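Once you have looked at the hints, place chain D on chain S.
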Amino acid sequence: MKSLDMIRLGFENLLRTRLRTVLTILGVVVGIGALTSMVSFGTGMQKNITEAFRDSDLFTSLYVTAGDVGEITDPGDVIELMSKPPVPLTDSTVLAIREIPGVEIVFPEISFPVRLEIDGHETRTTLRGLPAAMGRYKPFDDLEYGEYFSGDDDRAAVIRLETLEDMGLSVMDAGAETVDAPEDTAVAMEVVVGDSLIGSRVNVITAVMDLSGGPIGALTRLVPGGGAFREAAIQFEIAGILKESSNFSGQGFRGGVFVPIETADSIPTLGFSSVWELLGEDQGKGRYGSIYVRVRGMGDMESVRTVLVDEMGLSVFSIADQLEEIKRGFVIVDSVLAAVGTVALFVAALGIVNTMVMSILERTREIGIMKAIGAGDGEIRMIFFAEAATIGAVGAVCGLILGWLVTRLANVIVNLRFMPVGEEPVNLFYFPLWLILGAVGFSVLVSLLAGLYPASRAARVDPVKALRHD
Amino acid sequence: MLSVQGLSKTYLKGDIEIPALRDVTFDVAEGEFISVVGRSGSGKSTLLNLIGGLDTPSSGRILFRGNDLAAMKRADLSRHRRYSVGMVFQSFNLIPHRTAVENVTLALVFGKVPRSKRNERAAALLDEVGLAGRMDHKPGELSGGEAQRVAIARALANEPAMLLLDEPTGNLDSGTAAETMEIICGLNRERGLAVVLVTHEEDVAREVSGKVIRLLDGRIVGRLGGQGQA
Chain S
427 MKSLDMIRLG FENLLRTRLR TVLTILGVVV GIGALTSMVS FGTGMQKNIT
477 EAFRDSDLFT SLYVTAGDVG EITDPGDVIE LMSKPPVPLT DSTVLAIREI
527 PGVEIVFPEI SFPVRLEIDG HETRTTLRGL PAAMGRYKPF DDLEYGEYFS
577 GDDDRAAVIR LETLEDMGLS VMDAGAETVD APEDTAVAME VVVGDSLIGS
627 RVNVITAVMD LSGGPIGALT RLVPGGGAFR EAAIQFEIAG ILKESSNFSG
677 QGFRGGVFVP IETADSIPTL GFSSVWELLG EDQGKGRYGS IYVRVRGMGD
727 MESVRTVLVD EMGLSVFSIA DQLEEIKRGF VIVDSVLAAV GTVALFVAAL
777 GIVNTMVMSI LERTREIGIM KAIGAGDGEI RMIFFAEAAT IGAVGAVCGL
827 ILGWLVTRLA NVIVNLRFMP VGEEPVNLFY FPLWLILGAV GFSVLVSLLA
877 GLYPASRAAR VDPVKALRHD
Chain D
618 MLSVQGLSKT YLKGDIEIPA LRDVTFDVAE GEFISVVGRS GSGKSTLLNL
668 IGGLDTPSSG RILFRGNDLA AMKRADLSRH RRYSVGMVFQ SFNLIPHRTA
718 VENVTLALVF GKVPRSKRNE RAAALLDEVG LAGRMDHKPG ELSGGEAQRV
768 AIARALANEP AMLLLDEPTG NLDSGTAAET MEIICGLNRE RGLAVVLVTH
818 EEDVAREVSG KVIRLLDGRI VGRLGGQGQA
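Protein sequences, first through last, are from chains S and D. For what it's worth, the working numbering labels the leading residue of the first sequence as 427, then goes sequentially. For what it's worth, the working numbering labels the leading residue of the second sequence as 618, then goes sequentially.
Isolated chain S (complex conformation) (with noise of 0.2 angstroms):
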């Protein structure tokens, strides 16, 4: 009850000085506004770019390859490197990821450059191999047009948007407004039906060895147009387009057309396989470069990753460390962000200062009349302790709203001005639950802190002095 009244005298006191209590309210709102704005600028582009990497598989998703090449720092390294000969992917190392704990999909990687060909429109790409289980995941799940194949052995393709148009394949909705291509474009586009697409025709050609002849016979034909090489063709139905890709995504990256898995291993190609069997090695067969595991969770990753290094032997790499480098960096923006908003709350807490002593300055006489009818230094100093806390809370709350306006602002302007048409507007900034406690504290304490000098300088007013005092 006591400090309660305390804190109504100091209100009064303020209330009573309203054009200075204003102005130093002002000085904090400023401070407050710039400290917020600055951090959550930088908790909003952690946020977007964590929140990215989060929508993609990079932070379920690890790359297995053979064996472990560790750091080489001396000699005896390679010596040990050499004599522990790489743990071989096969078949086999699949079946067994498959069985780790928390290890939601495994394949190997299996992809190779193929020509296609659609309607006589043609271009390079990389094939890669998928299972029918990657459609629950992004960005398989959402595609532009048709659906994901649901068998591992089927004969169906889904293709890249950006790869129909690397054929010259402009793709509209049906019904969509027709676009004149721009005259400068080199290729002629043609205009097609997205939808239309779907269940055509698209022939995958890789170049094969021609093993006819046996091995020698083949290799007796590795010279220029020896007709080693020799193109196979084989047909495919497109099951889907994928959505132009806009994200960091793993799985998104890489190839231009997806099919399954296993009819992706069936298509005779240069890969590897073929150079094992022409060397008449059997065990070739199901060996892979390296291995996709998908965890469930990201809590998985470190289970999983401690038992592919440390009991299967194998080499790991996950995107996620990456990450880890990344939000380091973040913490250093931020810090540097929040540093310059702590700048301006300090020259606020300046005006603080000042404000309270000039009070004292002022009060001089009045704070020796309450001192001659009983107050102790105590409640002197309290009184105006909450004055400063006061300007401190109302300056927070008035500078978080400050701040809040100025970022809304700031991120219309930004999102008319750079961010192409027809793209989803990006949130900037990001004022998280911590960010307006902790300004609304950490106003307060600057303020109590900016008051400490001023009050205790009010509590030690000599009495008999200020009572002279005029």
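Derived from the structure by calculation, the hints contain no laboratory data. One thing to keep in mind: the hints can contain errors.
[Said to hold, decoys possible] Quick list of simulated restraints, FRET-style, between CB atoms:
| # | chain 1 | residue 1 | chain 2 | residue 2 | range |
| --- | --- | --- | --- | --- | --- |
| 1 | S | Leu878 | D | Gln844 | 49 to 57 angstroms |
| 2 | S | Leu787 | D | Ser733 | 45 to 53 angstroms |
| 3 | D | Glu758 | S | Met784 | 23 to 31 angstroms |
| 4 | D | Gly839 | S | Val448 | 22 to 30 angstroms |
| 5 | D | Asp693 | S | Ala836 | 53 to 61 angstroms |
| 6 | S | Ile827 | D | His714 | 28 to 36 angstroms |
| 7 | D | Ser791 | S | Leu787 | 49 to 57 angstroms |
| 8 | S | Val773 | D | Gly803 | 25 to 33 angstroms |
| 9 | D | Glu824 | S | Asn780 | 47 to 55 angstroms |
| 10 | D | Gly803 | S | Val448 | 18 to 26 angstroms |
| 11 | D | Met618 | S | Val773 | 19 to 27 angstroms |
| 12 | D | Glu758 | S | Leu878 | 33 to 41 angstroms |
| 13 | S | Met784 | D | Glu819 | 19 to 27 angstroms |
| 14 | S | Leu787 | D | Met618 | 35 to 43 angstroms |
Just so you know, these numbers come straight off a predicted model, no measurement behind them. Where is the CB? At the ideal position from N, CA and C, for every residue including glycine.
Coordinates of chain D only, in the frame set by chain S:
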């Protein structure tokens, strides 16, 4: 009730020591009315400030109901000012932006009187000094006599045992001064409040108080009896 023993106070002005009080000794009994007279600069106000706990002595003792003010901590001194004594000054020392009743309630705030009882008690005190109709006026809107009566009401707020008056009528015309003195005498008589009155008007002092102490250059140079209450 009050025993001042060998009290001295020396101020420092630069390096020069200025003695304000030298070896002052006297007693005040419960309910006694005592006056301190002397020219300006004789140390009267210094003496009152020391008894009021606004200042601390250089040497000597001030025993108020057995407790030595000279040995008190700051917090104890503020408690002494709050509950034991009520002070009234020549220049009223009201807070200009607070109304009459608010000036009185401020003392009640420091006296830790519950909020709900403050206004009632302040109104009763102002009524007692004859200001029932002037409660919501600010000091600037009050006459000198009225302002001093607000100050007296404020001094009474936390029911002190002793009133300390520093030239309470010094800024008032003779008629108002007489009225004010009458109120003070009434409080001494009816409430049994001990009063220490500092004044330069010796005849007034002799008239109202039972005992008069004359100060000159910080020393007691005379002790006189008065016609007032002993």
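- [ ] With respect to the beta-carbon atoms only, verify the hint that valine 773 (chain S) and glycine 803 (chain D) lie 25 to 33 angstroms apart.
- [x] violated, 58 angstroms
Task: Status of the given 19 to 27 angstroms range, CB of valine 773 (chain S) versus CB of methionine 618 (chain D) - done: violated, 56 angstroms
- [ ] Given the hint of 45 to 53 angstroms, check if leucine 787 (chain S) and serine 733 (chain D) actually sit that far apart at their C-beta atoms.
- [x] violated, 35 angstroms
- [ ] Could you say whether the range 28 to 36 angstroms given as a hint is met by the Cβ separation of isoleucine 827 (chain S) and histidine 714 (chain D)?
- [x] holds, 31 angstroms
TODO: Mind checking the hinted window 49 to 57 angstroms against the Cβ distance between leucine 878 (chain S) and glutamine 844 (chain D)?
DONE: With a Cβ separation near 55 angstroms, leucine 878 (chain S) and glutamine 844 (chain D) satisfy 49 to 57 angstroms, so the hint holds.
Open item on the list: Quick check on a hinted range of 18 to 26 angstroms for glycine 803 (chain D) and valine 448 (chain S), using CB atoms only.
Closed with: violated, 48 angstroms
Open item on the list: The hint says 35 to 43 angstroms between leucine 787 (chain S) and methionine 618 (chain D); measuring C-beta to C-beta, is that right?
Closed with: 39 angstroms Cβ-Cβ, so the 35 to 43 angstroms window holds.
TODO: Note whether the CB distance of aspartate 693 (chain D) and alanine 836 (chain S) lies within 53 to 61 angstroms or breaks it.
DONE: The hint (53 to 61 angstroms, Cβ to Cβ) holds, given that aspartate 693 (chain D) and alanine 836 (chain S) are roughly 58 angstroms apart.
Open item on the list: Quick check on a hinted range of 23 to 31 angstroms for glutamate 758 (chain D) and methionine 784 (chain S), using CB atoms only.
Closed with: Check passed, 27 angstroms falls within 23 to 31 angstroms.
Task: Consistency of beta-carbon spacing, asparagine 780 (chain S) to glutamate 824 (chain D), with hint 47 to 55 angstroms - done: holds, 53 angstroms
Task: Range hint compliance [Cβ, methionine 784 (chain S) to glutamate 819 (chain D), 19 to 27 angstroms] - done: violated, 44 angstroms
TODO: Take a look at whether the Cβ-Cβ distance between glutamate 758 (chain D) and leucine 878 (chain S) falls inside 33 to 41 angstroms.
DONE: The hint (33 to 41 angstroms, Cβ to Cβ) holds, given that glutamate 758 (chain D) and leucine 878 (chain S) are roughly 38 angstroms apart.
In this structure, the earlier hints numbered 2, 4, 7, 8, 10, 11, 13 are contradicted, and the remaining ones agree with it.
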